[in-house]
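Participant: What follows is each chain in one-letter form.
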Amino acid sequence: MADERITDIGPPNYEQFLPPVIKKNYGKWDYHEILKPGVMVHVAESGDKIFTVRCGSPRLLAITSVRKFADLADKYCDGHLRWTSRNNVEFLLSDESNIEPLIAEVEEYGFPVGGMGNAISNIVHTQGWVHCHSAASDASGTVKAVMDELLPRFQNMDLPAKLRVAYACCLNMCGAVHCSDIAILGVHTRAPVIEHDDLPKMCEIPTLVASCPTGAIRPATVDGVQSVEIIEEQCMYCGNCYTVCPAVKINNAQTDGISIWVGGKVSNARVAPKFSKLAIPFIPNNPPRWPEVVEAVMKIVNVYAENAKKHERMGEWIDRIGWPKFFELTDIKFTKYHIDDFKHAGETFARTAQIRH
Amino acid sequence: MTEMKYKTPLLDELEKGPWPSFVKEIKKEAHRPMIQDLLGQVERSYEEKISHWKHGGLVGVMGYGGGVIGRYSDLAEEFTNVAEFHTHRINQPSAWFYNSDALRTLCDIWDRHGSGLTNFHGSTGDIVFLGSTTEEIEPLFKDLTEAGWDLGGSGSNMRTPSCCVGPARCEWACYDTLDACYNITQQFQDELHRPFFPYKWKFKFSGCPNDCVASIARSDCSVMGTWRDEIQVNQAQVLEYAKTVDIDAEICDFCPTSCIEWDGKSLEIDNPNCVKCMHCINVMPKALKPGNDRGATILIGGKAPIVGGALLCSVFVPFLEMDPKSDYEDLKELTEAIWDLWGEHGKLRERTGEFIQRVGLSNFLEEIGLDPIPEMVMAPRSNPYIFFDDEIFETEE
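Heads up: the protein sequence lines correspond to chains A and B, in order.
Just so you know, the working numbering puts 1131 at position 5 of the first sequence, and the rest follows in order with no gaps.
Just so you know, the working numbering puts 34 at position 29 of the second sequence, and the rest follows in order with no gaps.
Please keep in mind that the hints were generated in silico from the structure rather than gathered at the bench.
Please note that a few of the clues may not be correct.
[To be verified] Residues of chain B clear of chain A, computed beta-carbon distances all greater than 12 Å:
1. Glu18
2. Phe125
3. Ile132
4. Arg233
5. Asp234
6. Glu255
7. Glu273
8. Asn276
9. Gly313
10. Asp332
11. Trp344
12. Glu359
[Claimed, not checked] With a straight-line cut-off of 25 Å between C-alpha atoms, the simulated PhoX-like cross-links for lysine-lysine are:
13. A:Lys1469 <-> A:Lys1436
14. A:Lys1194 <-> A:Lys1154
15. B:Lys12 <-> A:Lys1327
16. B:Lys10 <-> B:Lys21
17. B:Lys12 <-> B:Lys59
18. B:Lys21 <-> A:Lys1425
19. B:Lys294 <-> B:Lys270
20. B:Lys270 <-> A:Lys1150
21. A:Lys1149 <-> B:Lys12
22. A:Lys1425 <-> A:Lys1435
23. A:Lys1462 <-> A:Lys1435
24. A:Lys1435 <-> B:Lys248
25. B:Lys205 <-> B:Lys352
26. A:Lys1375 <-> B:Lys205
27. B:Lys281 <-> A:Lys1154
28. B:Lys59 <-> A:Lys1375
29. B:Lys352 <-> A:Lys1436
30. A:Lys1451 <-> A:Lys1462
31. B:Lys21 <-> A:Lys1194
32. A:Lys1436 <-> B:Lys330
33. A:Lys1400 <-> A:Lys1436
34. A:Lys1149 <-> B:Lys330
35. B:Lys59 <-> A:Lys1175
[Unchecked claim] Facing chain A, a subset of chain B residues (Cβ under 8 Å, in silico):
36. Leu108
37. Ala315
38. Pro377
Glycine included, every Cβ here is placed at the ideal spot set by N, Cα and C.
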């Protein structure tokens, strides 16, 4: 008898993982309060309470650590925990007296508690050199270096509003960083190099041609081989061609680096969601700790913290003071690269004489 | 302490400092030959400032087209144990709730078949198992499904839907995000596992306009909780907040439609003019709550830059009831109408949002059977280059 192969079962039903206090008060929560950084309580209409302890993680976790989290959940939370959309671990406690012992133990294990309220939450990020083919920079290393410095902003709630930092190692933006208060984005800066011998064996030429946003790739016969050519002045190095065709090499150790974008948000609070805008077009890769990137991010965070009004997100603050002031306060040089020249570029031109002098 | 096969002075620098270190995480699994070679290869990337991974090659489980992403070392002769180092996406439970037994089961399975490295979670929301050989793909899948887990999406299919914590632990949830996410995921298992779309399609379920899962920016279909009636106000609690919150400066002045007035005694909200931005509720959670007539706004077409530039979702249905008893029939009907149209006419690697821009929102709406309404635009067009058809001469009956 053949083994019955199980497929298409989907994820396990979440209900089996909910703590009893959540099952009982599902949809009947009354309010919540942040008790201190990284700790909050939700109070149900019934008066029942659930306490949450949130701690940061590097997202890349060894199963050794995941098992440790499971052990901590057993010890303090009757086995219940969850993760947030920003890769924080949340321990779900029904017994308030377990909060402090849990914090002590999880921090002792190396995972800081915080990321709540007017603070930096965890940096969402991508795979980088640890696991990705098109990475223009490393993700985990840059994030680690930045978070080492930003940790006090994670552990305290001393910012004007929440600050969402995200990292993506190329324009594919698996981390969808394009709507973050601060986005750190790996960029390629040179057109790809084509390996004509490999290309016909590895790639479908029509798919490759279609992958280019600017139509810079066209079929060509090179040394008798059916391949493609790239109109270099039309290429803006997105790397989409490389993703569909490994013979079109986009990675370049000398010219790949990092850009920094600011002022995006996804929440609808106060002003509508908005994209992040270019602050710094290029910083060379400088592993293992990317000091120039860390310094740039710290500068932007500190200037924002000192100047924004309470509740203003980065983008709201910049809209209030104006971009010229942002560049002045942060000592960032405005260059030709800051002016959009892609589709719909004119939407970002200043078409008013309303200028702060 | 496991002896290290390669010296990794650059990576070792990233073990320093207070934030949890991914290098320490990798080294926790260093008893595996695969991890030793991974450390060697990543150190090389740090020396040379370039990735040493290759992609491509069809890997996966029998009958599925997605869920496993092929990953190979371009230094396979040197780092033989990571010659194949494939990614597995495992569909997470709604709102990322687990219990310790479930986590241990997942760890035990991955312990047997791969590197022992994970992501909790990948960018789209899946549990990610990082690094297995091709040989282990089917046995891993067998163990996973027997334990009640399944793969998530990759490639040109419906990607793994995700949702916020919703009514499980949030007083602002305007519909049951966990149930909706689970229901839609189960409904579209075929679309999740077998890529036959022009490109990827993402669903994200946020319970309120705070959008904790970034649905408006990161999904093709954002189901965002909202309400139609009046914000619930507890005036006694407003007075309590007034002791620590400057209500004029922190609430009224930030209201995007100036619909809140405060006279020092009570808060008056011009509810028909409220755009449900959540700011006042966020600042005074004990005093204010979303109304009781709750549902969701459906927004379509968000994406990151590749290929034609980043887009935010735009409004399709201002308010849709999201009663679990309805089995989300309206949402499914809308989704299938969009999939039919985009599936037939979308170009290769063209996301729904890009397709809409190419064919025009009006044409798109007509094809899927939605009437144009002013909520769909920030403003009517300002250019007079209008394509008229005979409909303009028809008199309304």
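Participant: Each hint: holds or not?
Facilitator: Here is how each hint holds up against the structure:
1. With a least beta-carbon separation of about 4 Å from chain A, B:Glu18 fails to lie farther than 12 Å from that chain, contradicting its non-interface assignment.
2. The beta carbon of B:Phe125 is not kept farther than 12 Å from every beta carbon of chain A, the shortest such distance being approximately 5 Å.
3. Listed as outside the interface, B:Ile132 is inconsistent with that label: its C-beta sits roughly 9 Å from the nearest C-beta of chain A, within the 12 Å cut-off.
4. In this structure B:Arg233 is separated from chain A by more than 12 Å, as the shortest Cβ-Cβ distance comes to about 16 Å.
5. Every Cβ of chain A is farther than 12 Å from the Cβ of B:Asp234; the closest lies at roughly 17 Å, confirming the non-interface assignment.
6. Its closest Cβ contact with chain A, about 6 Å, brings B:Glu255 to no more than 12 Å, contrary to its assignment away from the interface.
7. At roughly 19 Å, the least C-beta separation between B:Glu273 and chain A is larger than 12 Å, which holds for a residue marked as non-interface.
8. The Cβ of B:Asn276 sits about 17 Å from the closest Cβ of chain A, beyond the 12 Å cut-off, so the non-interface label holds.
9. Not every beta carbon of chain A lies more than 12 Å from that of B:Gly313, the smallest distance being close to 6 Å; the non-interface claim is violated.
10. Annotated as non-interface, B:Asp332 keeps its C-beta farther than 12 Å from every C-beta of chain A; the closest such distance is 15 Å.
11. With a cut of 12 Å on Cβ distances, B:Trp344 stays outside the contact zone with chain A, its closest approach being about 18 Å.
12. The Cβ of B:Glu359 does not lie farther than 12 Å from every Cβ of chain A; its closest approach is about 10 Å, which violates its non-interface assignment.
13. For the proposed pair A:Lys1469 and A:Lys1436, the alpha carbon gap of about 35 Å is over 25 Å, so the pair is violated.
14. For a cut-off of 25 Å, the pair hint linking A:Lys1194 to A:Lys1154 is broken: about 32 Å separates their Cα positions.
15. In summary, the hint linking B:Lys12 to A:Lys1327 is not supported, as the alpha carbons are separated by about 37 Å, beyond the 25 Å threshold.
16. With a C-alpha separation of about 21 Å, the suggested pair B:Lys10 and B:Lys21 falls inside the 25 Å cut-off, and the hint holds.
17. Using a Cα cut-off of 25 Å, the hinted pair B:Lys12 and B:Lys59 holds, with the two alpha carbons roughly 23 Å apart.
18. Only pairs whose Cα atoms come within 25 Å are accepted, and B:Lys21 paired with A:Lys1425 is accepted, the gap being roughly 22 Å.
19. With a CA separation close to 19 Å, the supplied pair B:Lys294 and B:Lys270 stays within the 25 Å bound.
20. Between B:Lys270 and A:Lys1150, the direct Cα distance comes to roughly 36 Å. Violation of the 25 Å bound is thereby established for this hinted pair.
21. For the suggested pair A:Lys1149 and B:Lys12, the alpha carbons sit about 50 Å apart, so the restraint of at most 25 Å is broken.
22. The hinted pair formed by A:Lys1425 and A:Lys1435 meets the criterion: a straight-line CA distance of about 17 Å does not exceed 25 Å.
23. Distance hint between A:Lys1462 and A:Lys1435 is unfulfilled; the C-alpha atoms sit about 30 Å from each other, more than 25 Å.
24. Under the criterion of a C-alpha separation no larger than 25 Å, the hint pairing A:Lys1435 with B:Lys248 is consistent with the structure, at around 19 Å.
25. Taking the CA atoms of B:Lys205 and B:Lys352, the gap is about 12 Å. The hint holds against a cut of 25 Å.
26. With a CA separation close to 24 Å, the supplied pair A:Lys1375 and B:Lys205 stays within the 25 Å bound.
27. Restraint check for B:Lys281 and A:Lys1154: satisfied, since their Cα atoms lie roughly 20 Å apart, inside the 25 Å limit.
28. Taken as a hint, the B:Lys59 and A:Lys1375 pair is honoured in the structure, with Cα atoms around 10 Å apart against an allowance of 25 Å.
29. For the suggested pair B:Lys352 and A:Lys1436, the alpha carbons sit about 46 Å apart, so the restraint of at most 25 Å is broken.
30. A threshold of 25 Å between alpha carbons decides the hint, and for A:Lys1451 with A:Lys1462 the separation of about 17 Å falls inside it, so the pair holds.
31. The straight-line distance between the Cα atoms of B:Lys21 and A:Lys1194 is roughly 21 Å, inside the 25 Å bound, and the hint therefore holds.
32. Using a Cα cut-off of 25 Å, the hinted pair A:Lys1436 and B:Lys330 is violated, with the two alpha carbons roughly 42 Å apart.
33. Between A:Lys1400 and A:Lys1436 the CA atoms are separated by roughly 19 Å; this keeps the pair inside 25 Å, and the hint holds.
34. About 18 Å separates the Cα atoms of A:Lys1149 and B:Lys330, which keeps this hinted pair within 25 Å; it holds.
35. Only pairs whose Cα atoms come within 25 Å are accepted, and B:Lys59 paired with A:Lys1175 is rejected, the gap being roughly 49 Å.
36. A cut of 8 Å between beta carbons decides the hint on B:Leu108: the least distance to chain A is about 4 Å, and the hint holds.
37. The beta carbon of B:Ala315 is positioned within 8 Å of a beta carbon in chain A (closest approach about 5 Å), and the interface hint is therefore held.
38. Taking 8 Å as the C-beta cut-off, the interface hint given for B:Pro377 is violated, the closest approach to chain A being about 20 Å.
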